[in-house]
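Engineer: Given next are the chains, with one letter for each unit.
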Amino acid sequence: MIAENSLGDRLFTIFLYLMMALLAFLCVAPFIHVISLSLSSNAAIKMGAVGLWPVDFHTQNYQFVLKEPQFMRSFGVSVVRVVFGVSAMLIMTIMTAYPLSRDSVPMFGRTPFKMIMLFSGMFGGGLIPTYMAMRSLHLTNNFLVLILPGALAVFSVILVMNFFRGIPVELTEAAELDGASHWDILFRIFLPVSLPVLATISLFSAVGHWNSWFDGVIYMDEIRMWPLQSYLYARVTSQMIQKSGTAAGGTAERMGQSFNELTPEGLSTAMILVATIPILLVYPFLQRYFVKGLTLGSVKG
Amino acid sequence: MHSSRLTRRQMLRAGVVASGATLVAACTPNVVKETVEVKQTVVVKEEVEVTSVVEKQVTTVVEKEVVVTATPGPGECEMDWTPTFPEPFKKYDPPVEVNIVLGERYDSLPENGPYNKYNNPMYNRILEHTDVRYMSKWEPAGDPAADSQKLNTAIASGDPPDMWQASGTFLQELIDFGALAEFKEIWEATASPLVKEKKGYPDHYAWKQVLQDGKLYGIPMQSGPADNDDIGFIRQDWLDKVGMKMPETIDDITEVARAWKKAGICEYGIAASKQLVTWMVDLAPVLGAYGHMPGAWVEDGAGGLTYDSLSDGVKQALAQIRSWYAEGLMDPDFITYDPYPGGYQSVSSEKCGIWFSPFWNYNIDLNVNEKIPEFLQVIMPYPKGPEGKQGRWATMSWGAPVIFRAGLDPVVIEALINNLNWQTEFHANWEKYQQYGAFDHDTAFLEGWDWAFDENCEVVIGPYPGTWHCVEFGWNNNPGYPSQQYDIYAPAFKWMNEPDKTKLNKAQRYLVSSKANQRSVEGFNYSYETQAVQIVNQFWGTPGPKMTERLPDLKTLEDTVFLNIIVGNDPIERFDEFVQEWKANGGDDITAEVSAWYRSINS
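As you go down the protein sequences, you meet chains Z and L in turn. So the mapping is simple: the working numbering equals the position in the first sequence, first residue as 1, plus 20. So the mapping is simple: the working numbering equals the position in the second sequence, first residue as 1, plus 25.
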């Protein structure tokens, strides 16, 4: 190994560190700005005086957000959605991937089934047919519409299927010799060794469910049933409109009382932050499996 | 060895601590609020598919935080006015139900409160007096793109609301596809003489989009000529600092901005946003001072129309704006600013002290007086150009018509028109009916909500002002006729000019005592009185094939060329090339198309 202790090397290292620090700062600066806005006063925000540090520090935005019934209700919808959505996705994905991955076991229609899945993964039906399908299945205005359509993610099935295929065949053969059923093989052998890929698809799914806003807006007629991101989307993108005399008349003046010290910008940023924290907390649990699972599943099989 | 790495556990712990701290911070008691009185009004106009021009008037009233120390007991104070209502135009038993996209987010109100979405003072008022029960088909996201997607999906899947709004190409498509109810006969038999008069039926140009081949497909929701046009504003405190008088000409504006800059009062002087003509903080009146207005189609003197962006006056105006830019009298970042917040903040952050915005923007100082007490905003007359001309962009007043789905029960349509009759009567005569909530976009004006009695039995702002807005005519909370704002503000203007305020009742005194309300009325009055300077876009038809195909590219060309001229990337002579390019790239065809349309409507 070449020693890197010359002045040039050290300067270069310092330069690299500085560059990386700068890049890192550029990445987090917008986030810091959002934090500052959420903690700044109405007048300061109106004047555009808030940069990376709060001006006239106050926490009313957070008080308002945490007391806003709809925000908390939507928060709850999202949490439930993530829990049930990820669970449903895991069950469906594992159940589908297992038989498809056991090439050594004869299965009628395995290839056509795979083709159909692949096709549906590549081509969607379009919004209006999908909407009509959901409506005829009585899934509109139904919490299940947030979970069922995404329960079988083709991409995840392929990932898990390939991961299962990478499990040494000797393991399954040994188990079969000992009289293990498919359930035994799946639960006692496949799943324990597949934690990386399961963590990976869980993270995909959890983040996907948490960030999904469009299905809430399209399928749910009442805001009280919206998941958090639909609600946030409406609040943030329409931060001026929500006070409008036409689109949502009345909210303006209702907000008027709350807005004594609050601005739409301040409120939106507070909501964004409160909504970001839970999903941030999921990452550390699953991060270490993430890269491993993704690459393992994709290169083997 | 001590490790400096952050473990997962530590990170989680830090996360929990941070979340806890946030919660604790969020639960700290309210800071005692200072007495502020702010009215902030923003109008958003966006080109969207559903409603080609959506005008959204945004009003936040941040009034006085009232500390009532010795509140009189119940019954000790008496109202000295008696609110009444117009008589119902027709009774329906049972009430008709109408599915609409109901925008009110009543569910955000305190849970377990006395009222909800389908039971509240405004909802009940409409139900009781017009027998229309509005039901929520769905609640809008408030974002035009998402809402139009949802609406399109519902229409395409055969499940539209009973009534909604649409204009432009979208409206025409709906008519062509037979998706809308035709109701001319019902309208003519049911609409009151007042509604027909106020909405200018059938001669006002807004009706042309829904009256086709003798059939009627919608009811236009118009706005007034003074509602959204720009007026000029200036910082009086800065004028005083440099001892200058109110600017009257473009040259005066230059002198004032120069003096401010020289005295170090502000960085630039003249505020703008990235479009020369837009809904607020733009430069339309500067262009108007040269007698022309980019984007407008004006008469060519030969019975046709010509595109005003090509006129020599626009070139002169661009040269003037260019010189401001070169001299540093304009915020150089204006090319990146949306009207709000960028354009707005170039004023509120004291970079600039001269700007053009609609009357409801007569309040930037009130919004920031807490931090900048000396900030005093006053109206500046329309600047005169070299030939003494003045001009402003005339905002079109046709809104997006209310339409009904094909197959809707005629009785429901009749009931809705009677709802509009009632609403129009209510608005046009709110003084007679003593309904003071009409002043502020129609609130319920309820004691204990909008207002309360103070220790002197005077009316002061209540704990929940403006909570109850109405579901009046569809989701459009007003009857939408051109003189509506005038009808609302005229009585208030009279009360404000009443020297002996004891002649007013308590509610009237309350309304006129608010600085924000005074500003609104004063600003509107100025905008109304100066309508003569409007430069009116004479084209209001459905865009023809040439215009649909070519105009978007030509508009992009125009915007790019104008901006490059202003910031000095191109010489002013580029304007002449632009005119030739515009004509050669389909502009002449569009002009011919538009002129043919104009001749046809005038023949």
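There's no promise every hint is true.
DEER-style ranges, computed between Cβ atoms [said to hold, decoys possible]:
1. L/P524 x Z/E242: 21 to 31 Å
2. Z/S201 x L/A170: 48 to 58 Å
3. Z/M135 x L/E198: 35 to 45 Å
4. L/D228 x Z/G71: 50 to 60 Å
5. Z/L46 x L/D584: 48 to 58 Å
6. L/A170 x Z/L38: 40 to 50 Å
7. Z/G141 x L/D228: 53 to 63 Å
8. L/Q556 x Z/Y303: 53 to 63 Å
9. Z/M92 x L/N144: 20 to 30 Å
10. Z/G71 x L/E324: 32 to 42 Å
11. L/T361 x Z/V213: 51 to 61 Å
Pulled from the structure, derived: some chain L residues nowhere near chain Z, Cβ distances all over 10 Å [unchecked claim]:
12. E122
13. K175
14. A181
15. E210
16. G353
17. V393
18. E412
19. E472
20. D512
21. E554
22. V558
23. E574
24. R599
Rather than coming from a laboratory, the hints here were simulated on the basis of the structure. Ideal Cβ placement from N, Cα and C applies to all residues, glycine included.
Engineer: Now tell me, hint by hint, if it's right for this structure.
Structural biologist: Here is what the structure says about each hint:
no., hint, verdict
1, L/P524 x Z/E242: 21 to 31 Å, "violated, 52 Å"
2, Z/S201 x L/A170: 48 to 58 Å, "holds, 52 Å"
3, Z/M135 x L/E198: 35 to 45 Å, "holds, 39 Å"
4, L/D228 x Z/G71: 50 to 60 Å, "holds, 55 Å"
5, Z/L46 x L/D584: 48 to 58 Å, "violated, 30 Å"
6, L/A170 x Z/L38: 40 to 50 Å, "holds, 41 Å"
7, Z/G141 x L/D228: 53 to 63 Å, "holds, 58 Å"
8, L/Q556 x Z/Y303: 53 to 63 Å, "holds, 59 Å"
9, Z/M92 x L/N144: 20 to 30 Å, "holds, 23 Å"
10, Z/G71 x L/E324: 32 to 42 Å, "violated, 50 Å"
11, L/T361 x Z/V213: 51 to 61 Å, "holds, 54 Å"
12, E122, "holds, 15 Å"
13, K175, "violated, 6 Å"
14, A181, "violated, 5 Å"
15, E210, "holds, 29 Å"
16, G353, "holds, 19 Å"
17, V393, "violated, 5 Å"
18, E412, "holds, 37 Å"
19, E472, "holds, 16 Å"
20, D512, "holds, 15 Å"
21, E554, "holds, 23 Å"
22, V558, "holds, 26 Å"
23, E574, "holds, 26 Å"
24, R599, "holds, 33 Å"
The structure fails hints 1, 5, 10, 13, 14 and 17 (numbered hints given earlier, in ascending order).
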